[in-house]
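K.L.:
Sequence:
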Amino acid sequence: MDEYVVEAADVGTEWVRVAARVFPGLLTVSKAKRERKKGVLRLNAERLAATNTRVALGDRIQFHGCTGMHSQQHLQSHEDNAGIEMQGLRRVYEGDAIAVIVKPTGVHVNGRGVRTVENALPMLLLASSSHSGAGVLSTPHAVHRLDARVGGLLLIAKTRCAESHLSAQFENHSVRKQYRAILIGYVDTKALVRQQRLHFAPSHRVGDDPLMISDSDVLYCSEPVAGKPCSTALRVVSYSKSGRYEWLTTVDLWPLTGRKHQLRMHMAHIGHPIVGDDLYHNGSGAIGVASAHDDDGESVGTDADLLDGAEAGLFLYAIAIAFLDTDGNKRSFAIDEPHKFARFRHFCAYNSEKKKARGKEEKTGKI
Numbered sequence: 001m002d003e004y005v006v007e008a009a010d011v012g013t014e015w016v017r018v019a020a021r022v023f024p025g026l027l028t029v030s031k032a033k034r035e036r037k038k039g040v041l042r043l044n045a046e047r048l049a050a051t052n053t054r055v056a057l058g059d060r061i062q063f064h065g066c067t068g069m070h071s072q073q074h075l076q077s078h079e080d081n082a083g084i085e086m087q088g089l090r091r092v093y094e095g096d097a098i099a100v101i102v103k104p105t106g107v108h109v110n111g112r113g114v115r116t117v118e119n120a121l122p123m124l125l126l127a128s129s130s131h132s133g134a135g136v137l138s139t140p141h142a143v144h145r146l147d148a149r150v151g152g153l154l155l156i157a158k159t160r161c162a163e164s165h166l167s168a169q170f171e172n173h174s175v176r177k178q179y180r181a182i183l184i185g186y187v188d189t190k191a192l193v194r195q196q197r198l199h200f201a202p203s204h205r206v207g208d209d210p211l212m213i214s215d216s217d218v219l220y221c222s223e224p225v226a227g228k229p230c231s232t233a234l235r236v237v238s239y240s241k242s243g244r245y246e247w248l249t250t251v252d253l254w255p256l257t258g259r260k261h262q263l264r265m266h267m268a269h270i271g272h273p274i275v276g277d278d279l280y281h282n283g284s285g286a287i288g289v290a291s292a293h294d295d296d297g298e299s300v301g302t303d304a305d306l307l308d309g310a311e312a313g314l315f316l317y318a319i320a321i322a323f324l325d326t327d328g329n330k331r332s333f334a335i336d337e338p339h340k341f342a343r344f345r346h347f348c349a350y351n352s353e354k355k356k357a358r359g360k361e362e363k364t365g366k367i
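Here full-length UniProt numbering is used: the first residue of the sequence shown is 1, the next is one more, and so on.
Each hint should be verified, as a subset may be incorrect.
[Said to hold, decoys possible] In silico lysine to any residue, SDA-like type, Cα no more than 20 angstroms apart, as pairs:
(1) 241 with 11
(2) 260 with 111
(3) 31 with 14
(4) 260 with 241
(5) 37 with 14
(6) 228 with 260
(7) 33 with 2
(8) 33 with 3
(9) 190 with 222
(10) 33 with 13
[To be verified] Computed spacing ranges between beta-carbons, pair by pair:
(11) 336 with 199: 44 to 50 angstroms
(12) 93 with 13: 34 to 40 angstroms
(13) 353 with 235: 25 to 31 angstroms
(14) 39 with 170: 31 to 37 angstroms
(15) 112 with 196: 41 to 47 angstroms
(16) 111 with 360: 15 to 21 angstroms
(17) 324 with 139: 21 to 27 angstroms
(18) 21 with 161: 50 to 56 angstroms
(19) 199 with 29: 52 to 58 angstroms
(20) 238 with 327: 52 to 58 angstroms
These aren't lab readings, by the way, just hints derived from the structure by calculation. Every value quoted in this text rests on a predicted model; they were computed, and no experiment measured them. Cβ coordinates follow ideal geometry from the N, Cα and C atoms, glycine included.
Assemble the whole structure, with the sequences as input and the hints as a guide.
P.N.:
Have a look at this one:
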């Protein structure tokens with residue numbers, strides 16, 4: 001496999017055009033699109049990435065060798081054997097009893113279908129060796145779940161002892177998970193405190209927190225979910241402009257309780273839903289709607305709204321997790337936010353400037 005890491009000069013160019021330029025086996029954009037459809041040309045290990053996606057600094061374009069029969073058969077046999085195309089699935093840590101992996105977006109953790117994370121774990125992880133007899137699980141199990149549309153760190157047990165030990169921590173809310181999200185609008189924390197939608201003191205005891213969410217710049221939302229206590233910690237990371245939403249706010253979130261969809265519900269409650277949330281947002285700011293398509297069925301065009309939606313999906317990602325291992329040691333793991341977050345902010349800011357320039361031109365024309 002050949003791989004190209006996007007440089008500053010490439011930023012803003014459609015990824016298939018970059019691929020056609022840097023890989024000698026492609027040469028033309030048309031051929032790059034054909035290789036993408038075959039699954040041998042990928043963006044950030046994602047199969048069938050939209051052809052109009054524009055690259056950001058640090059993006060990785062993979063070309064799985066030539067398009068000969070051997071290369072295609074190898075890829076197909078791997079997919080058939082796995083029963084799933086696990087783009088982005090990788091290990092962050094693996095011990096004999098516990099592992100931490102990165103779950104790709106768009107894939108269920110488990111379920112009836114073949115395309116699940118758990119079905120791919122035997123090929124990703126080594127079998128446990130130090131625990132004998134009935135203590136070893138026949139296949140590794142995910143100890144918690146992430147929604148199909150949410151990617152990021154996932155905790156895996158390889159033995160029954162580890163599964164029981166970690167599950168107990170989740171029941172006691174002692175496992176700390178951190179998410180990165182992009183919210184619609186400008187999150188004015190002072191105004192939200194005045195409105196009593198956010199507050200300074202957590203309703204759920206933080207305790208000895210390895211992810212340091214007791215910082216002074218962290219606020220809390222404690223709106224009940226389904227009549228049950230629910231608490232989320234929030235910290236603003238950055239603000240950025242948007243042609244569609246005017247403002248976007250990037251935040252870190254910590255669910256201090258384990259209610260279903262609590263992060264999405266709490267962000268909607270404070271008036272700043274997560275970008276791409278189709279359950280708790282009325283859809284007036286829905287993204288990714290295209291007015292035209294190319295021959296491959298991909299969205300095309302340079303409209304500001306389309307560029308804002310170039311990376312459709314839910315902008316929520318699990319970036320850190322902390323827990324106690326089976327020996328009682330504190331463990332914490334963290335990863336960077338996905339490249340699509342920076343790419344989305346970049347093009348939203350670009351659209352904002354474009355919209356501002358159009359407004360000035362129209363104003364000048366009227367004068």
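K.L.:
Hints first: check each against the structure and report whether it holds.
P.N.:
Cross-check of the supplied hints:
1. 241 with 11: This hinted pair holds, its Cα atoms lying about 19 angstroms apart.
2. 260 with 111: 17 angstroms, holds
3. 31 with 14: 14 angstroms, holds
4. 260 with 241: Not OK: residue 260 and residue 241 at ~30 angstroms, beyond 20 angstroms, violated.
5. 37 with 14: 16 angstroms, holds
6. 228 with 260: 11 angstroms, holds
7. 33 with 2: 17 angstroms, holds
8. 33 with 3: 17 angstroms, holds
9. 190 with 222: 16 angstroms, holds
10. 33 with 13: 15 angstroms, holds
11. 336 with 199: 44 to 50 angstroms: Cβ of residue 336 to Cβ of residue 199: about 30 angstroms, so the range 44 to 50 angstroms is violated.
12. 93 with 13: 34 to 40 angstroms: Given about 35 angstroms between the Cβ atoms, the range holds.
13. 353 with 235: 25 to 31 angstroms: For residue 353 and residue 235 the Cβ distance comes to about 27 angstroms; the hint holds.
14. 39 with 170: 31 to 37 angstroms: 36 angstroms, holds
15. 112 with 196: 41 to 47 angstroms: 43 angstroms, holds
16. 111 with 360: 15 to 21 angstroms: Given about 52 angstroms between the Cβ atoms, the range is violated.
17. 324 with 139: 21 to 27 angstroms: Since the Cβ atoms of residue 324 and residue 139 sit about 24 angstroms apart, the hinted range of 21 to 27 angstroms holds.
18. 21 with 161: 50 to 56 angstroms: 53 angstroms, holds
19. 199 with 29: 52 to 58 angstroms: 53 angstroms, holds
20. 238 with 327: 52 to 58 angstroms: 38 angstroms, violated
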